[in-house]
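Using the sequences and the hints, build the whole thing.
In terms of numbering that gives the first Met the number 0, the sequence shown is residues 0 to 962.
Simulated from the structure, these hints should not be mistaken for lab results.
Using N, Cα and C, we set each Cβ at its ideal position, and we do this for glycine too.
Computed spacing ranges between beta-carbons, pair by pair: (1) ALA555 to ASP832: 45 to 51 Å; (2) ALA555 to ARG95: 40 to 46 Å; (3) GLN580 to ASP454: 17 to 23 Å; (4) HIS108 to GLU52: 35 to 41 Å; (5) ARG635 to MET423: 47 to 53 Å.
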Amino acid sequence: MKFRLLGTVAVVAEDGRELAAGSAKRRSLLAMLLLNPGAPVTVERLTETLWDEEPPRHSRTVIHNHVSALRALLTAHDAHDAGIELVTDSGAYLLRTPDLAVDATRFEHLVAHARHLPDAGQAATALREALALWRGPALTGTTAGLPLRCAALALEEQRLSAAEELARAHSRLGDHAAAAGLLHAEASANPLREPLVAELIHALGRAGRRSEALDWFHRTRRALAEELGIDPGPELTEAYDRLLRTDAPPRTDPSPRTDPSPRTDPSPRTDPSPRTDPSPHPATPAHRPDRVPPARLPGDQEQYDRLPTAPPAPVRPPTPTVRPPAQPTPWPFPRRPRGFTGRQDELAALDRATDTPGALAVLTGGAGVGKTALAVHWAHHRGQDFPDGRLFVDLCGHSPLPERDTAAVLRELLLALGLPAEQMPATPEAMTARYRELTATRRMLIVLDNARRSDQVRPLLPDGDDCVTLVTSRDRLGGLVATDAARPVPLAELSSPQAVTLLAATLGPDLIAAEPLAAARLARLCDGLPLALRLAAARLATGPARTLAALADELADEQDRLDLLDVEDTSVAAALALTVQHLSEPARRTLHRLGTHTGTTLDNRTAAALAGCRPEEAADALAQLATAHLIVRIGRDAYTLHDLVRLYARSLPGDTDPDVLPRLLDHLLNTLLTACAAAEPGSEPCCALPPGTRRPAEVRPFPDRASALAWYAAERDTLRGAVEAAVAAGLHDRAWRLVLLQWPLIVWQIGDGWAPLLEHGLAAAEADRDPGAQSRARALLGWVLLEDGRPDQALVHLERAPDLAARAGDTAAQAVALVNLAVALARHGGHDDRTRVRVLLTQALALAERAARADLVALARQHLAAECLATDAPEEAAHHAARGLAVADPPFPVTRRVVLQTLYGRALAALGRPQEAELQLAAAVRTARAHQYGEGEAQAGAALRALSAATAPTDRHRTAPPY
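Shown next as C-alpha cells:
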C-alpha cells in the first residue's frame, strides 16, 4: 500500500487501484498524519487543519470518526502486514508507514540522491523520476486549513527547486533546448520567481534563442514593476547583462527536439503562415506570455502543467505528405462552449491520454455531466495541434434521434476529407478502408460524440500515428479499451467549489458572493451535475425575481425538484431517460426499486432486498447501471446513488411493488442484529424482530467489532432515512427497532447528536403501544441527554423507564433503566440521593442476575464499584470490580474490561495495596492501547500516574511504570 500527497491525496493498493479515501476532511486528516510520519499529531492540530474557522461542538467526535474510517480502510486492505499502522498515542494520532511508502518522502529521497551524483546524466534521470511522482498541485482534494496551505506551499517550493536542478543538469549535458523547455513551463506558472526566470534566460541564450531570452527579461521586468512596484534583482539583471555581452551563437545543434512537450507532427509544415510564436508550446494557452496562471494552493482549479517523466522519444523521420487533389468540404465544428469552467484535472488527463501516437481516448460519464462540453473545449484549446483539421460527429447513441448509420457517417467524413462524391466507395468496408487511407498521413482530431457501443466506433477510427480520436459516451466502452488500446478518462460530477464556480460563471460573481451559503446548498441539491446547475441558473435568471436561497428552498422539496430542473426543451429527467431506454428489463426494474432506498450508498444485498431478487441477480443489474453511469461504483461491492437519479428512479413507470419498503426495512433490521452481535459480543439483542419479518437471502457478515462500528457510522444517514420512511408508512414496529438497534454506535459516540433520532424512536414505540420499547428508548434517550448536559430533561425520561420495563415484564430492560437512572442521580442529584443510588444499582444487579445476563451483571457491578469509590468505600468497590472482571472475559468488549480494571486498580490503591493496583492499571493501559481505546487509556494512565506520585516519597528507587 502506498500514499500520495503530490497531487490528489490518495491511498493506493498494491495492485495500483486508488482506494476510496473519503471526504475532503478525511483526506486532510490523512495528509496531516502523512506529513508527520511516525510522529504523533494532536487533536488540536488536527482540528486546526480540518476547520479554518470555529470548529463544530463535536469536532473531536468527527475526528474520531474519520480516524476510525481510515483505520477500517487500512485494515480491510491488510495494511498492518505491510508495516502500516494508525495508532492512538495519549490523545494524539500517529501513522506508521514503511520507508518511501509516501510519494513526498520518495520525492525528497530521489532529489537528495541526485544532488550527490557527480554524473549529470544520472542526476537528470533521478530528478526526472522524482518529478514524475507529481500528479498535480500537492495536497489537492483537502480542506484549505492553514497547516495544509503552508505544507502545500513548502512542497511546491521543493518541486520548483528540483525542476531548476533538472534544468541545470540538462545544461551540463549540453542539452540547452531541453533545459529551456522545462524552465519555460515553470516560469510561465511562476512569472515573478526571478531565479527561475534567470535560469530560463541563461538556457535560452545558450540554445541560441536570444530574442526569446530578451523577451522574457522585459516581460518579467514589467510584471515586477506593475504587480510589486520593484525593479529586477541582481540575479535577473546579471542574466540580462550576460546575454547582452554574449554574441548570439548560431543554431548548430542537430539533436532532436527535447523540450517537454512531445512533438506529434513528424511531417514538414505545409501551411503558408510562418511560425512566429517562440514558445515550444504554441498551442497551449497556459504557455503564452499573456496567459500567466496564478500560484497554486490545495484545491486550485488552475491548469497544472505536467513535467516530463521520461527522456523524450526521438523524432521519426519526416513522412511525405500526400493530399487528394480535391479541396476538403467545410466541416462544421461546435463552437467553444460558453461559461465553461473548472475541469483542470480532466483536461490534464485528456492531455495525457492523447500523448501517444494514434491516441484513442474515451471520455465517459453520466447524463448531463458535461462530456461533450469538455471534449469541445479541449478540442478548441488544442486546436493548433491539428493543422489538418478537426472533425466532429454526433453518433446519437443516447439521443431522441435514431442512432447514426455507420455508412452515412463514413460518407460525410470522406466528403469532409476532400473525396469527390463520384469516387465514393460502394460498401461500408470500402469506405472504412478509404477513410483510413486518407487519414494515414494527416494530423487531425476526430471527435466521435455520444457513442453507445464499441462496434459503433471501430469503423470510424482513423489510421496513422498523427491523428487523435476522442470518443464520448455514457457507457464505459470496455471493448475499445480491450481491443483498440483506448485510454478511458472518467468524468464525475463537479465538486462543491467547482459547482459554485459554474454558477458564478452563469449568473455572475456578484450574485454568488451575496449568498455564498445558498449557492453551496444549491450546488449540493443539483448533485454537482453541470446540466442541473445550468438549468437551475436558467430558472433563476429567466423566472420571477427570487434569491438563491429561495430557489434552494424550492429544490429541497424532493417532490418538485425534477420539475424545477426542466426549462423549455432541456431537463435532467429527459437526459436520464435517454440512458434508461437502453437498459435491460432487470436493470431498469432494479433502478425503479432503488428509488425507494433511504440512503446514498448500497451494496448487492441491499439492492437484492429492494428488487426482491437474489444477490447475484442484483449484482448483474448494478453492474449494468454502473456501466451506464446511473450509479457510481466506489468499492468492490459498494455503490453510491445520487439524489437526482434516485428521484428519477421513483418516477419510472411500472408496476408498483408495495413490499419494496418493508423488504428494505427487514433487510436493515437483520443486518443491525448481526452488527450488534459483532460490536457488543457477549450481549443479547435489545429487541426481537417483529412478527412477519422477511429473512433476506444474504446478510452482511461482520468479522469484528471495528467493522461493525464502521458500518454503523457509514450507514447512519441510511438508517435515519429508513426510520423516517417507516414512520411515514405507519410501520412503527420497524421504526423503533431501527433506532434501538443502533445503540452500540450511540453509546460509543454518545455526544454526537442522537437525541432527535431517539425521540423519533420513542414516538414510534408509543404509537406501537409497546412499554418495553418505550422503556429502552427512554433509558437510552435519557443517557444521551445526560451526556449532552441536559440533566433535567434526562431525569424525566430516566425516572419513567424502570416502571415501563416492569409493566412489560422485561427484566433486562428494567436493569438497564435502573443503572442509567442511578448514574444520573449520582452525577446531578442532591445529597439525599446518594443512598438511593446504591439501592438502584443493587436492584439492577439482582435483576441482571435473575435474568442470567452476564453483560448486565458486569455493567451493574462496574457502576457499583464507581459509586463505592465515590462514597469512600474502597473495599466494596474492589469486591464489585473483581466480581465484574470475573464475568467480563471475552467475548465481552475490551472497553468494559478496561473500565473494570481501572476501577479495581483505584480501589486497591485506596486499600493500600500499591503493587496489586499497579498490575491492574498497567494491564488496563496496555489493553486500551492495543485496541485503540483512547479514553480508557487516558483514564487508566491518569490513575497509574497518581499511584506512582503517591508512592514516590517512600520508594525513590522504584522505576516508572510502563505506560
